[in-house]
Amino acid sequence: MTGQLETSSYLPGLPPALSAWGPELSDWPEDLILTLEPWLLRLSAALGPPRSAESHGDGPPDGFAGLTRRGSYERLLTTEWLLAEQHPEEFLRRATQGEHLFYALARQSPAGTTRTRVLFDAGPHQQGAPRVVHLALLLTLARRARAGGADFVWGVLQDPQAVLHPDVSKRSVLDLLAGRSIRPALPEDFERWTSALALGPRPEADDLWLVGGAGVRAVGPPGARRVVVQEPLLDLAVGPVDLSVESPGHPPRTVRLALPPSRAALRLLRDPFEVIRRHPAPDRGPAGDGLVFTSDGRTLFARSGPGVLMRRLRNGVFPDGPPTSLSAGGRPVVAVGHVAKRTWLLLAPDASGRPRLLSFNRHRSCQSSFDLLRLPEGVAADPPGPLTLLMPQGGRKESARLYLDASGHLVGLTPVPDSPATVLCRGVTGLGRDDGQPVFVVFRSEHDERPIALRSREGGALRQADLPRRAVVWLAGVERVGRIVNLPSGSGSGRAFFGLRGSVAVEVDAGRWYCLHPRHEAEVDVPGHEAVVGALPFGGEGGQAPGVVTLDGDRRRLHLRSRHERRTVALEQPALQIALSPGAPVAAYTTAGDGLGLIDLGSGGTTWLRRSEPGA
Numbered sequence: 112m113t114g115q116l117e118t119s120s121y122l123p124g125l126p127p128a129l130s131a132w133g134p135e136l137s138d139w140p141e142d143l144i145l146t147l148e149p150w151l152l153r154l155s156a157a158l159g160p161p162r163s164a165e166s167h168g169d170g171p172p173d174g175f176a177g178l179t180r181r182g183s184y185e186r187l188l189t190t191e192w193l194l195a196e197q198h199p200e201e202f203l204r205r206a207t208q209g210e211h212l213f214y215a216l217a218r219q220s221p222a223g224t225t226r227t228r229v230l231f232d233a234g235p236h237q238q239g240a241p242r243v244v245h246l247a248l249l250l251t252l253a254r255r256a257r258a259g260g261a262d263f264v265w266g267v268l269q270d271p272q273a274v275l276h277p278d279v280s281k282r283s284v285l286d287l288l289a290g291r292s293i294r295p296a297l298p299e300d301f302e303r304w305t306s307a308l309a310l311g312p313r314p315e316a317d318d319l320w321l322v323g324g325a326g327v328r329a330v331g332p333p334g335a336r337r338v339v340v341q342e343p344l345l346d347l348a349v350g351p352v353d354l355s356v357e358s359p360g361h362p363p364r365t366v367r368l369a370l371p372p373s374r375a376a377l378r379l380l381r382d383p384f385e386v387i388r389r390h391p392a393p394d395r396g397p398a399g400d401g402l403v404f405t406s407d408g409r410t411l412f413a414r415s416g417p418g419v420l421m422r423r424l425r426n427g428v429f430p431d432g433p434p435t436s437l438s439a440g441g442r443p444v445v446a447v448g449h450v451a452k453r454t455w456l457l458l459a460p461d462a463s464g465r466p467r468l469l470s471f472n473r474h475r476s477c478q479s480s481f482d483l484l485r486l487p488e489g490v491a492a493d494p495p496g497p498l499t500l501l502m503p504q505g506g507r508k509e510s511a512r513l514y515l516d517a518s519g520h521l522v523g524l525t526p527v528p529d530s531p532a533t534v535l536c537r538g539v540t541g542l543g544r545d546d547g548q549p550v551f552v553v554f555r556s557e558h559d560e561r562p563i564a565l566r567s568r569e570g571g572a573l574r575q576a577d578l579p580r581r582a583v584v585w586l587a588g589v590e591r592v593g594r595i596v597n598l599p600s601g602s603g604s605g606r607a608f609f610g611l612r613g614s615v616a617v618e619v620d621a622g623r624w625y626c627l628h629p630r631h632e633a634e635v636d637v638p639g640h641e642a643v644v645g646a647l648p649f650g651g652e653g654g655q656a657p658g659v660v661t662l663d664g665d666r667r668r669l670h671l672r673s674r675h676e677r678r679t680v681a682l683e684q685p686a687l688q689i690a691l692s693p694g695a696p697v698a699a700y701t702t703a704g705d706g707l708g709l710i711d712l713g714s715g716g717t718t719w720l721r722r723s724e725p726g727a
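Every letter in the sequence shown is one number past the one before it in the working numbering, and letter 108, counting from 1, is 219.
Read the hints as simulated data drawn from the structure, not as lab findings. Just so it is clear, CB atoms sit at the ideal spot from N, CA and C, and this is done for glycine as well. All the given hints hold, so there is nothing to weed out.
If you anchor each label on the Cβ, the simulated ranges turn out as follows: (1) Arg-294 to Asp-705: 36 to 42 angstroms; (2) Pro-433 to Arg-381: 35 to 41 angstroms; (3) Pro-531 to Ser-373: 41 to 47 angstroms; (4) Arg-721 to Ala-462: 32 to 38 angstroms; (5) Arg-328 to Pro-433: 46 to 52 angstroms; (6) Pro-298 to Pro-433: 55 to 61 angstroms; (7) Pro-531 to Ser-714: 45 to 51 angstroms.
Working from the sequences, and respecting the hints, build out all of it.
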C-alpha cells in the first residue's frame, strides 16, 4: 500500500527534493515551486515526522523497535553489560554522557485512522507576509499527513460557518487567501469548531494544529500543536518572517524564513495559479537572456535593471576584482561587448528611433558616445529581449561592431556619429567568434524565398556574396567570406551555440543537434525534457568529440552529451538563467534568490559571485 502511495505521488519535473510532493504541487507553476522549495523543506523538518512515524505509542508493548539512547537499564544492550565487566570506567563514562544504547519498546497503535486537523488564523496580524507562510504550511502539513496515512482537513478559525476543506486544490488555496477577518482569533472561535472537528478525548491523538499569531496560544485545548507566525517588522519586500513550532512535551522550534522576491510574494498572495502573459521571447534556448560572456570567456555581463553588471574573471571561473556597474541614465542596454580594449554598450533607440553606442575605458569613464541613424526596417533593438554580444567585424579599431537582433538580422554598426546601420545578413540564428574572426549560422526555411546574402564594404561600395540556405559561415577579415560548412536538412529551429575551441552546435531537427569541431562533426540526440544551453567538446581522444550541454527539466543538473557519452554535473541550486562560456568549460547561472554562480564543468565546483539569501 505504501509503495503504491509513493509511486502515485511522484510528479515528473519537480525538483528531486520535492519529487514525492506531486499531489500537493501538481497545480502549481514551476517558478513558484522553485521559489517555495527552500521553505517547504525547512518547514517539513521543523514540523517533525507524521504521527505514524513517531516512536512513541499509546498501546500495550509489542516487541522492540530498534535502539535508543534513553530507556530503562532492564533493556540495556547486552554488549553494554559486557563493557561494564571488562572496562567499568568506560561504562561509567558512557552513562554520564548519555551514550548507552537501550532496546526501544514498540507499542501497538490504537485502531482507527489518524486525523490531521489544521485551523488558520485569518486575523489582521496574519495578512501579508504571514499569509505566504500559511500557504507553505498548508502544503507541508498536507504532505505530512499523507506520508503518515492520515486524512487531512483544514479550515479558517474565524469562519462563521466552520467549513472544513478536505483537500489542497486550486479552489481551496484561493479560499484560504480570501479568508480574511478584521478581528484576531478568540477562544470562542474554537468552540464553534468543536463539533465540526469531531475531536477525540485527546487532541494530540488527533494531530490538531493551530496556525496564527501569538493569540493562538490561548485558543484551543492544551494538547494541540501550534505554529506561531510573527508579523515581520519590515515590509513585504524585505522580511524575514519568524515562526515557532510548539508541540506538547517538546521545546519550541524556531525557524526564520527569508521572504521570496516581492513579485513572487505578491503572486502568492493574489493568485498563485494565474497565468502570467509575457511578451514572446526569441527562440534562442533556455533562460540565458540576462547573461552573456565575451568571446574569450574573460568577462561576464549580467543584466541589472536597465544597465549591466560586469565581472572580470581569472582563469574563466574566479572573480578578478569587484563588479562594475555600467548604465546610461536609465536607457536600456540591448547588447554589450569588448572591442579595442574598451567596453561597448548598444542602447535601445530613443523616441526618435535612433540607437546609441557608448564606450567605457577600464576606469568606467565614458570615452565616446555615438548616436546612430535609425535602424533599417525590421531590425529589432527594443527591450524586452535577450542581452546579446557586440563583437568586432575585423581587427581594426574603426571596424564595425556586429550585432545579432532577435529577428535574425546580422547588423554592422560603425562607431561614427550619424552613421547608418547595415544589415549584413538575414536568417542568422547564432553569432560567435573563432580564432579572432566572426562566425555565424544561417538557417532558412525551404519556403523562404528571400535571397540570402552577406553584404560588406569593399572600396566604399556594398557587395554581396551568395550563401547557402543552411550553413556555418566563417568570415575572413571584413570584406570576404572564409570557410563555409553546409548543414543537413531538417525542420528544426536552427538555434546555434558557439563553444570552446571553435565548437558549434545547431538544432537541425527537433531534438537533433549537428555539432561541429575543427576535427570532427557529429549528430547528437537530446531528450525532450532537456534544453540545450551551449556547445562543448569533451570525451574522446584529446577531448575533441563535439557535443552539447543541456539543462535538465528539474533545472538542477547539467548533462554533457556527445554522440557516445554523457556526463552529469549537479548544480547547488536550481538555475533560472544559464549561459556557457565560449572561452572555458564554465557555466554561469542565476538562482531564485538573486544568486549568481560560476560552475566548473570539469570539477563540478561552484564559485558564487553573488549568493542568494538562505531560504530565498
